[in-house]
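Protein chains in written order, with this note's numbering: chain B, 35 to 590; chain Z, 35 to 590.
To be clear, the hints were calculated from the coordinates, so they are not data collected in a lab.
Some hints could be false.
All copies of an identical chain are treated as equivalent in the list; a pair is satisfied when it fits inside any one copy or across any two copies.
Okay, derived cross-link-like pairs now, SDA-like style, lysine to any residue, Cα gap no bigger than 20 Å in a straight line [said to hold, decoys possible]:
#, residue 1, residue 2
1, K579, S479
2, K579, I482
3, K579, D88
4, K330, P316
5, K128, R100
6, K579, N80
7, K579, L89
8, K579, R343
9, K447, V422
Being a predicted model, the structure only gives us computed values, none of them experimental.
There are 2 protein chains.
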Amino acid sequence: MAKPDRLIYLALGGAGEIGMNMYVYGYGPQDAERFIVVDCGVTFPNMDSSPGVDLIVPDPHWLQARADRIEAIFITHAHEDHVGAVGHLFPRLKAPVIYARRFTAAHAKLKMERAGQDTTLVHQVDAWPRTVEAGPFTVGFLPVSHSIPEASSLVIDTPAGRIVHSADFKIDATPIVGEPFQPELFREVGAKGVKALICDSTNVFVSHPGRSEASLSEALGAVMRETKGMVVATTFASNVARLKTLAEAGQAAGRSVLVLGRAMRQMLATARTAEVLDSFPPVLEPQDAADVARGKLLVLATGSQGERRAASAQLAAGSYQGIELKPGDLFLFSSKTIPGNEVEVARILNQLSERGIRAIDDTDGRYHVSGHPNRPDLVSMHGLIDPVTVIPNHGEHRHLTAHAELARELGRKGLVAANGAIVDVTDEARIVGHAETGRLYLDGSTMIGAMEGVVRDRLRMALRGHLAVSVIFDEEGRPMGGVWVEGLGLPDTRRYPDGLAAAVEAAIDQSLGRAKRSDLADDDAVERMVVQASNRICMDLVGKKPVVTVMISRLD
Amino acid sequence: MAKPDRLIYLALGGAGEIGMNMYVYGYGPQDAERFIVVDCGVTFPNMDSSPGVDLIVPDPHWLQARADRIEAIFITHAHEDHVGAVGHLFPRLKAPVIYARRFTAAHAKLKMERAGQDTTLVHQVDAWPRTVEAGPFTVGFLPVSHSIPEASSLVIDTPAGRIVHSADFKIDATPIVGEPFQPELFREVGAKGVKALICDSTNVFVSHPGRSEASLSEALGAVMRETKGMVVATTFASNVARLKTLAEAGQAAGRSVLVLGRAMRQMLATARTAEVLDSFPPVLEPQDAADVARGKLLVLATGSQGERRAASAQLAAGSYQGIELKPGDLFLFSSKTIPGNEVEVARILNQLSERGIRAIDDTDGRYHVSGHPNRPDLVSMHGLIDPVTVIPNHGEHRHLTAHAELARELGRKGLVAANGAIVDVTDEARIVGHAETGRLYLDGSTMIGAMEGVVRDRLRMALRGHLAVSVIFDEEGRPMGGVWVEGLGLPDTRRYPDGLAAAVEAAIDQSLGRAKRSDLADDDAVERMVVQASNRICMDLVGKKPVVTVMISRLD
Chain B
35 MAKPDRLIYL ALGGAGEIGM NMYVYGYGPQ DAERFIVVDC GVTFPNMDSS
85 PGVDLIVPDP HWLQARADRI EAIFITHAHE DHVGAVGHLF PRLKAPVIYA
135 RRFTAAHAKL KMERAGQDTT LVHQVDAWPR TVEAGPFTVG FLPVSHSIPE
185 ASSLVIDTPA GRIVHSADFK IDATPIVGEP FQPELFREVG AKGVKALICD
235 STNVFVSHPG RSEASLSEAL GAVMRETKGM VVATTFASNV ARLKTLAEAG
285 QAAGRSVLVL GRAMRQMLAT ARTAEVLDSF PPVLEPQDAA DVARGKLLVL
335 ATGSQGERRA ASAQLAAGSY QGIELKPGDL FLFSSKTIPG NEVEVARILN
385 QLSERGIRAI DDTDGRYHVS GHPNRPDLVS MHGLIDPVTV IPNHGEHRHL
435 TAHAELAREL GRKGLVAANG AIVDVTDEAR IVGHAETGRL YLDGSTMIGA
485 MEGVVRDRLR MALRGHLAVS VIFDEEGRPM GGVWVEGLGL PDTRRYPDGL
535 AAAVEAAIDQ SLGRAKRSDL ADDDAVERMV VQASNRICMD LVGKKPVVTV
585 MISRLD
Chain Z
35 MAKPDRLIYL ALGGAGEIGM NMYVYGYGPQ DAERFIVVDC GVTFPNMDSS
85 PGVDLIVPDP HWLQARADRI EAIFITHAHE DHVGAVGHLF PRLKAPVIYA
135 RRFTAAHAKL KMERAGQDTT LVHQVDAWPR TVEAGPFTVG FLPVSHSIPE
185 ASSLVIDTPA GRIVHSADFK IDATPIVGEP FQPELFREVG AKGVKALICD
235 STNVFVSHPG RSEASLSEAL GAVMRETKGM VVATTFASNV ARLKTLAEAG
285 QAAGRSVLVL GRAMRQMLAT ARTAEVLDSF PPVLEPQDAA DVARGKLLVL
335 ATGSQGERRA ASAQLAAGSY QGIELKPGDL FLFSSKTIPG NEVEVARILN
385 QLSERGIRAI DDTDGRYHVS GHPNRPDLVS MHGLIDPVTV IPNHGEHRHL
435 TAHAELAREL GRKGLVAANG AIVDVTDEAR IVGHAETGRL YLDGSTMIGA
485 MEGVVRDRLR MALRGHLAVS VIFDEEGRPM GGVWVEGLGL PDTRRYPDGL
535 AAAVEAAIDQ SLGRAKRSDL ADDDAVERMV VQASNRICMD LVGKKPVVTV
585 MISRLD
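The shape of chain B in the complex, shown without the other chains:
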């Protein structure tokens, strides 16, 4: 008997974390479903768990094993956590086509180009009510307000019914860039009957209704007018709405706008090309800024999260591209500090404090609004779409849980489906299986598995230091001329005349000197002796057990 068709949903990234969004919808008989992929984003490394790593992307191996069944990739909007991995993962997925609206498509093309992939696979599509067919799926890009132009929810129709994938959104009638939120459009889409709403959970713990981007103009205007010197404002490079709100507030106060930082300039250039940024004030070139009086200058700078090499950190530490802050200037964080980045942001605030420069951080909330739906906005969205089931995504596990509870409070089914949970939404939504998920690290120019041990070895060296030991055996199999030890990341000691490395050499020499001839002929045995002797003497002298690399050479 043929298996019946089913409609499934699966998160490969983004459900149980904030970042690296990647979702899969499947339709067809079990194990023969056709797939569409929604978004393909990155997340960022940190020293605690991924030192040296450049970017983190979802491990797509579940999908890769079924790549011949992928109909298309859909990108909802141009933020890095949604589009950033499309170039890196494309070689593994080889989807026949990538669909996105114009501005998003421009970014997807850039990502493909940088990864050496075929940019012609990126197809630019129009917004709802236009739709595209992808196997059994008919997909429409429903314009929604967010903090970037052309953000879209997806309306996904299948023979088993309709799904709405909210993607990142806020409910904003005056979003400054992109389309205003149109409740009637969402109600219309919902009126046809929706099986499941897959919905942004980021701000489920925020109890007040979200504020409009336009509400910032007044407070920002006051700052621009009242500051005697230069105003430097930082926000996410990709928050195009904020860049425009800031630039317009500066312009209204008679300030010329200078943009510092590659990512921000790139984002504005793409927005201009895609014609989604009409009426953005003219932008100075850095060399022209010197001619502008400080009180007539607004600098928009990258690095709102305190990133060391970005414009903000450089300005706080001294200068950047000839621009230098002085007392009388103002540094404004028009951003939210993402958890984990507090220390880096505080470093900037303290450096500014040391130099006598006034700063406004993100604490009072007057100069930033979120691009995501708060709890009351979620209530509105659930009501407009009126789905049978709400499946929270775009959140840590606690966000998903709270969002599912909210759905249940509102009388609908709320289903927590973290990364890897395969949900059958054909009839009553339920988890029917589990796909292995994980993370890949872009490390220099290669991609490594998070669990491969490469990063674990880096962390071990960072915590314990490293000893390299070279042992040479002569033709008769006897250690020759003493071993050689080089330490790195280890304290020295005064408790041994020539320091730690010499002490380790002596300890190894002694250990090998006592060893049986048969053991000395065995590389594994020698390595064990070397590691044991090294650890023992290091614990004794400096209280640490370093990571040891043993290199045994035999002359014969």
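With chain B held as given, fit chain Z onto it using these hints.
Relative to chain B, chain Z alone:
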């Protein structure tokens, strides 16, 4: 002509950071002042800047060079950032005596004992109006409310006048442990005329008056009564006030109290011995907890900052000492998440969410009050002491700046003196010099300078990986049998048949094969060639430049 006597103040740690408090007061002719040291605290390492380090303490070398002029060390209270370094730094300072009140003295003795130092040097002193003489200084411990018993401000009298060193405090009439704040006492001390108030700045940005520890009882009581299952509450092990508030709320709801975590049990034991913890509810032994119904149990657990090995993280991940959380239980953070620890705390919240256990985090502020003075409390303290000058301490630079501004707004002199600034407070307070300050790392069993490069090498290996290269030259000075390369923390590559290490070996062999005989005879030249060849091939194959250790052996 003899130099006139002067009274100076200097922070060696704690001014320009929150942590590792260590302050120096000096009186006498310039360069012949006699010194007292106030507090000797630690701060904690992190992966970003100090991987592998166990503890961070102030670099005392300025004081060490003048150790013969130290009269005494005074410890204001038993928090780690005030007493934690006394054992580690004592060998360098060799102060003749350490003064503290009874409970604090018990902790100082523990620290001295663990560091193998003479515990009899710790002298227990009574509170104000009793005072002790230390050279030209007369010092009294003025009881103040904080979150730990016997916290004290110091009244420091000198021939040049009086200083008040606030130390950590809050203004709390009902602090649960320790003495209530006594405004009349502070007014009395101030009435004699105070040259300078050195004052806690931690909460200068918090605009509402601080709340009393006692104000928590109601909300905590409700949680204890309404939760069906077990309640686990975490806070700082050293927040003795909170431990008591929690335990009493639990007891009132009919719950027995179990304490999990070494630091918390130690803190309570010391408090009992010092007789500062009367009426603390009886505490269960872990083995007896099994006999108590879940709804009748309150667990106090260490690890409020998400520390991986502490009780809270272990409970969230599975179980700890036989205690396991289940749905129906509640996990309560009765604490503030210190900036930088958000990700670790969120990990606990998410693990609990995955296991279906309800958690209350620190966001709504109903289950935690700070132990430090908010802005209105600072206004009160300035008013009570009415000093000529306020010198902010215990804060990052931005806190010091804002606190000094507040002092000026209130009509007094506010002087920012970050670590190392030598302030002459004899007449009008002003910065007259600069002492070099810094950090020492306790690393395993040794103490290393933060700038020595040990930790920098660990960070380099963590970011770039490591290659060990062994080259052997024969009696004629020719490379023998090919070099040997071992990589660690580096991705492998499929772009070379036998992987990255083999590719590096081939590249080095080729480079040495082309070298002149005279270069091969020169170890420095060989090392340069090896590093260059390694970097080039690694950049080419994996896009990274590893740290390279080269070991050259010559047979002769």
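So which hints don't hold here, by number, going up?
none
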